[in-house]
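Number of protein chains: 2
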Amino acid sequence: MKFSKPLTPCCSPLLAGKLTPEEAVQLAALFRVLNEPARLQMLSLIAAQSNQEVCACELVESLGLSQPTISHHLKVMYEAGLLEKERRGTWIYYRIVQARLAALKDVFS
Amino acid sequence: MKFSKPLTPCCSPLLAGKLTPEEAVQLAALFRVLNEPARLQMLSLIAAQSNQEVCACELVESLGLSQPTISHHLKVMYEAGLLEKERRGTWIYYRIVQARLAALKDVFS
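Taken in sequence, the protein lines are chains A and B. First residue of the first sequence: 1, per this note's numbering; consecutive thereafter. First residue of the second sequence: 1, per this note's numbering; consecutive thereafter.
Derived by calculation from the structure, the hints in this document are not laboratory data. Note that the coordinates shown come from a computational prediction; the quantities given were computed from them, not determined experimentally. Accuracy of the hints is not assured; some may be wrong.
One copy or any two copies: either way a pair holds, since identical chains are not told apart in the list.
[What the hints assert, rightly or not] DSBU-like mimics (lysine-lysine), calculated; alpha carbons at most 30 Å apart, straight line:
#, residue 1, residue 2
1, K18, K85
2, K105, K18
3, K2, K75
4, K105, K5
5, K2, K85
6, K75, K105
7, K85, K75
Take these sequences, add in the hints, and give me the full structure.
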């Protein structure tokens, strides 16, 4: 099994010294990804799965959103480095990038 | 010295179970506050002060933004519970609400 993930800049600590303008822009972009309630629900649903992964098909049923909407949110979170993905036949499966969430946690340390 | 802060809902853990729609909306609203680079720079500047506080006047000089813009960002972060404030004479001084940042950190645990 080989999940793929993009390399995107992440996450300068907020309280460990003055952020540069570039660091602030990168970090703000990551928070922008998280300011959609549906995306937060998707992350919590993925984390709640016994195998820690979902395909888009499972989220459509759980969240009552359309397939294109779900796919769009998954794509945005994948491109932000919050999710990794693997294609298996027809479906793409997504997992949370735990290291990315740990880095986000450290932003507030 | 008595800093005041508003009581606003905060911060359901993202990975500890399925978020309810209401929890997702509250958490997304908090991330919306953080998706402005200037606000992140302001938080890091406040944290970098030796006395951990600033007045708006000090931020105007450091960030090169107008006084009304700075005041708007401070008000938004105060109302989101990220900052507490105290009036002293002409100026209002702001501090980071450490408990709030700790709660945000726990969102990613």
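Using 30 Å as the alpha-carbon threshold, which applies to K105 and K18: within, between, both, or neither? The answer is both: 18 Å in one copy and 19 Å across copies each meet 30 Å.
Homomeric proximity label, K75 with K105: Cα distance no greater than 30 Å: This pair counts as both: shortest intra-copy Cα distance 22 Å, inter-copy 25 Å.
Can you tell me if K105 and K5 fall within 30 Å by alpha carbon in one copy, between copies, both or neither? Answer is both: 19 Å inside a copy and 24 Å across each meet the 30 Å cutoff.
Could you place K18 and K85 in one of the four classes (within, between, both, neither) given a Cα distance threshold of 30 Å? Between copies only: 21 Å across, 34 Å inside.
Go through the copies and call it for K2 and K85: within, between, both or neither, with a Cα cutoff of 30 Å. Answer is within: at 8 Å inside a copy they meet the 30 Å cutoff, but 50 Å across does not.
Same-copy or cross-copy closeness of K85 to K75 [CA-CA at most 30 Å]: Cα proximity of K85 and K75: one copy only (10 Å, versus 40 Å across).
Is it within, between, both or neither when you check K2 against K75 at 30 Å Cα-Cα? within (18 Å within a copy, 46 Å between copies)
No hint from the list above goes unmet by this structure.
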